[in-house]
Amino acid sequence: MSELQLKDLYDGFRDPDVIKALAKSIIDEAKHLKEPLKLMEVCGGHTHTIMKYGLKQLLPDRIDFIHGPGCPVCIMPKERIDHAITLAQMSDTILLTLGDMIRVPGSKSSLAVERANGYDIRALYSPLDALRIARENPDKKVVFFAIGFETTTPMTAALLELVEKQGITNLYFHINHVLVPPAVDAIMADGQAKINAFIGPAHVSVISGAKIYQPLPEKYSTPVVVSGFEPIDVLQSILMIVRQKNEARCEMEIQYSRSVTLEGNTKAQEMIEKFMEPRVHFRWRGIGDIPYSALALKAQYAAYDAEKIFADILPTEPIDDHKLCICGTILKGLAKPNDCQVFGTACTPNTPMGSCMVSSEGACNAYYRYGAIK
Amino acid sequence: MCLSIPSKVVEIDECNMATVDTMGIKRHVSLDLIADEIHIGDYILIHVGFAMNKIDEEEALQSLELYREMLEAMEEEERRQVIESDDNCENRTQA
Ligand code: SF4
Ligand code: SF4
Chain A
16 MSELQLKDLY DGFRDPDVIK ALAKSIIDEA KHLKEPLKLM EVCGGHTHTI
66 MKYGLKQLLP DRIDFIHGPG CPVCIMPKER IDHAITLAQM SDTILLTLGD
116 MIRVPGSKSS LAVERANGYD IRALYSPLDA LRIARENPDK KVVFFAIGFE
166 TTTPMTAALL ELVEKQGITN LYFHINHVLV PPAVDAIMAD GQAKINAFIG
216 PAHVSVISGA KIYQPLPEKY STPVVVSGFE PIDVLQSILM IVRQKNEARC
266 EMEIQYSRSV TLEGNTKAQE MIEKFMEPRV HFRWRGIGDI PYSALALKAQ
316 YAAYDAEKIF ADILPTEPID DHKLCICGTI LKGLAKPNDC QVFGTACTPN
366 TPMGSCMVSS EGACNAYYRY GAIK
Chain B
47 MCLSIPSKVV EIDECNMATV DTMGIKRHVS LDLIADEIHI GDYILIHVGF
97 AMNKIDEEEA LQSLELYREM LEAMEEEERR QVIESDDNCE NRTQA
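Residue numbers (our numbering), protein chains in the order written: chain A, 16 to 389; chain B, 47 to 141.
Only chain A is shown next, with the shape it has when bound in the complex (with noise of 0.2 Å):
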């Protein structure tokens, strides 16, 4: 092979031989692990692999794996939905986000519900689609409900770039971003998952650079490989964190050099400073209070801050999930979504209950899609 083609980027790294051969490699080296290894995916890209390609299954019961906290649209706590959905309902409004968020389920209603009662409610495909319609509509108010780890961060960080520029009055940013570093070192804190790896998501680090994982080796002994997305990519990385455990080694290592670099995506990373900041307090869904986990509109752009304009409208009583809920649990690593009694039964993708049913790529929506494992 000389010259890449795009298909060898999708098939190259999903060849079921080599899936084989690399599950083959694992079981054989797995065999000299001296503890088995309780390996925590942190993104629900890497739990939707795994499941979707039946990972699991093809290596040792050795391997465990931990699904992770790594989605954003999981991880939002009611609060903040009942906030897009107060927002949502102002006069002469649009509200905009992303994906998932529109089905999740806050104290009483959802996005999905409200526009079905006629609130003018959109999930965009890009943040720049924010930018047009607000130029179509200079007589409504568009509040952009921004979501995302550092992988969607710095989207939004050049949507108010471009607002700023060219001059729009009638956008307004709710920020809701997460940082993924903060949310891991929250579950060691709490030491219960007794997680002895990780595999980091790859997108994350395209923008923040590995070196965002670089403390965890030496903080809690735990090797740390930052991996792709595909079948093969997750194989590999599980490989590589087999052989440093044989090996007595504990490192951060990048299983995906196609585009991930220690330092990142520097211009992105310069994007988001200019707009954001750490935010002292922000509620995980399920898992509580993380300080310095999110980030909120630097001071000087108070113009553009739905938070602020509109606070004296917005709820502020933290609500907690359905009792039978316990996506909390899972999302500390201390269940399976099986473990829950409401599991394809009550909560499903069409009546979830909780975040994790609804999102593509919660654990408990992977694991009800793609059947469940023990």
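No lab work stands behind these hints, which were simulated from the structure alone. Mixed in with the good hints there might be a few duds.
[As the list claims (entries may be wrong)] Dumping the calculated SDA-like pairs for lysine to any residue here, alpha-carbon to alpha-carbon at most 25 Å:
no.	chain 1	residue 1	chain 2	residue 2
1	A	K67	B	I71
2	A	K289	B	G95
3	A	K289	B	I84
4	A	K282	B	R114
5	A	K35	B	L107
6	A	K35	B	R114
7	A	K313	A	P196
8	A	K282	B	G95
9	A	K155	A	T281
10	A	K313	A	T331
11	A	K234	A	K180
12	A	K22	B	H74
13	A	K156	B	G95
14	A	K49	A	T281
15	A	K123	A	E94
16	B	K54	A	T281
17	A	K180	A	D144
18	A	K180	B	E60
19	A	K49	A	G206
20	B	K54	A	R298
21	A	K282	B	G87
22	A	K22	B	E60
23	B	K54	A	L21
24	A	K180	B	L77
25	A	K39	B	L107
26	A	K180	B	K54
27	A	K22	B	E123
28	A	K67	B	T68
29	B	K72	A	E18
30	A	K155	A	G182
31	A	K46	B	E121
32	B	K72	A	D26
33	A	K156	A	P330
34	A	K22	B	L112
35	A	K22	B	I84
36	A	K155	A	A318
37	A	K323	A	M105
38	A	K35	B	E123
39	A	K282	B	D132
40	A	K22	B	M63
Model, not experiment: these values are computed from the prediction.
Since the structure of chain A is already known, use the hints to place chain B with the ligands on it.
Using the frame of chain A, we list chain B with the ligands on its own:
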């Protein structure tokens, strides 16, 4: 929601927007977050309407080459095992 999709650049316009090919689907994405110069024919990762980064072709090819070698080594090993078990076949030694 934040999966990133490998795509190939087919056109770049004066507003720093690229037309990309994602396995037959054409999309417009912004190059505003990219520091490197992007050329037609480059591979990029896209996410919610933006290019996030360039894909390093060398690194991708090296990974694919590594997998190919691994498969070969495995086939070699299988062949060796078949021959070995044939050599040690009890029926034959008795004969
Ligand atoms: S938003 Fe990104 S980091 Fe989170 S689960 Fe989805 S793909 Fe993973
Ligand atoms: S199955 Fe539903 S109710 Fe149970 S933990 Fe998952 S999302 Fe929550």
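These are the hints, each one checked on the structure:
With a C-alpha separation of about 23 Å, the suggested pair K67 of chain A and I71 of chain B falls inside the 25 Å cut-off, and the hint holds. Of the supplied pair hints, the one linking K289 of chain A and G95 of chain B holds, its CA atoms being roughly 21 Å apart against a limit of 25 Å. For the hint linking K289 of chain A to I84 of chain B, the alpha-carbon distance of about 24 Å falls within 25 Å, and the restraint holds. Our distance criterion of 25 Å between C-alpha atoms is broken by K282 of chain A and R114 of chain B, whose separation comes to about 35 Å.
A distance of roughly 20 Å separates the Cα atoms of K35 of chain A and L107 of chain B; the hinted pair therefore holds under the 25 Å criterion. In summary, the hint linking K35 of chain A to R114 of chain B is supported, as the alpha carbons are separated by about 13 Å, within the 25 Å threshold. Between K313 of chain A and P196 of chain A the CA atoms are separated by roughly 21 Å; this keeps the pair inside 25 Å, and the hint holds. Taking the CA atoms of K282 of chain A and G95 of chain B, the gap is about 17 Å. The hint holds against a cut of 25 Å.
The suggested pairing of K155 of chain A with T281 of chain A is violated, with an alpha-carbon distance near 35 Å, which exceeds 25 Å. As the CA atoms of K313 of chain A and T331 of chain A are separated by approximately 20 Å, the hinted pair is consistent with the 25 Å bound. The straight-line distance between the Cα atoms of K234 of chain A and K180 of chain A is roughly 43 Å, outside the 25 Å bound, and the hint therefore fails. For a cut-off of 25 Å, the pair hint linking K22 of chain A to H74 of chain B stands: about 20 Å separates their Cα positions.
For the hint linking K156 of chain A to G95 of chain B, the alpha-carbon distance of about 23 Å falls within 25 Å, and the restraint holds. Pair hint K49 of chain A plus T281 of chain A does not hold up; C-alpha atoms about 40 Å apart against a cutoff of 25 Å. Simply put, K123 of chain A and E94 of chain A have alpha-carbon atoms about 10 Å apart, close enough for the 25 Å limit, and the pair holds. Straight-line distance between C-alpha atoms of K54 of chain B and T281 of chain A comes to about 22 Å, which keeps the hinted pair within the 25 Å bound.
Taking the CA atoms of K180 of chain A and D144 of chain A, the gap is about 16 Å. The hint holds against a cut of 25 Å. Taken as a hint, the K180 of chain A and E60 of chain B pair is honoured in the structure, with Cα atoms around 17 Å apart against an allowance of 25 Å. Straight-line distance between C-alpha atoms of K49 of chain A and G206 of chain A comes to about 20 Å, which keeps the hinted pair within the 25 Å bound. A threshold of 25 Å between alpha carbons decides the hint, and for K54 of chain B with R298 of chain A the separation of about 39 Å lies outside it, so the pair is violated.
At roughly 22 Å between alpha-carbon atoms, K282 of chain A and G87 of chain B fall within 25 Å of each other, so this suggested pair holds. Taking the CA atoms of K22 of chain A and E60 of chain B, the gap is about 28 Å. The hint is violated against a cut of 25 Å. Taking the CA atoms of K54 of chain B and L21 of chain A, the gap is near 7 Å; set against the 25 Å cutoff, the hint holds. Of the supplied pair hints, the one linking K180 of chain A and L77 of chain B holds, its CA atoms being roughly 16 Å apart against a limit of 25 Å.
Under the criterion of a C-alpha separation no larger than 25 Å, the hint pairing K39 of chain A with L107 of chain B is consistent with the structure, at around 23 Å. A distance of roughly 29 Å separates the Cα atoms of K180 of chain A and K54 of chain B; the hinted pair therefore is violated under the 25 Å criterion. Restraint check for K22 of chain A and E123 of chain B: the C-alpha separation of about 29 Å exceeds 25 Å, so the hint is violated. A C-alpha spacing of about 21 Å is found between K67 of chain A and T68 of chain B, which places the hinted pair at or below 25 Å, so the restraint holds.
For a cut-off of 25 Å, the pair hint linking K72 of chain B to E18 of chain A stands: about 22 Å separates their Cα positions. Restraint check for K155 of chain A and G182 of chain A: the C-alpha separation of about 16 Å stays at or below 25 Å, so the hint holds. For the hint linking K46 of chain A to E121 of chain B, the alpha-carbon distance of about 22 Å falls within 25 Å, and the restraint holds. Between K72 of chain B and D26 of chain A the CA atoms are separated by roughly 19 Å; this keeps the pair inside 25 Å, and the hint holds.
Simply put, K156 of chain A and P330 of chain A have alpha-carbon atoms about 19 Å apart, close enough for the 25 Å limit, and the pair holds. Between K22 of chain A and L112 of chain B, the direct Cα distance comes to roughly 17 Å. Compliance with the 25 Å bound is thereby established for this hinted pair. Of the supplied pair hints, the one linking K22 of chain A and I84 of chain B holds, its CA atoms being roughly 20 Å apart against a limit of 25 Å. Taking the CA atoms of K155 of chain A and A318 of chain A, the gap is about 16 Å. The hint holds against a cut of 25 Å.
For a cut-off of 25 Å, the pair hint linking K323 of chain A to M105 of chain A stands: about 15 Å separates their Cα positions. Restraint check for K35 of chain A and E123 of chain B: the C-alpha separation of about 14 Å stays at or below 25 Å, so the hint holds. Of the supplied pair hints, the one linking K282 of chain A and D132 of chain B is violated, its CA atoms being roughly 61 Å apart against a limit of 25 Å. For a cut-off of 25 Å, the pair hint linking K22 of chain A to M63 of chain B stands: about 23 Å separates their Cα positions.
In summary, the numbered hints that this structure violates are 4, 9, 11, 14, 20, 22, 26, 27, 39.
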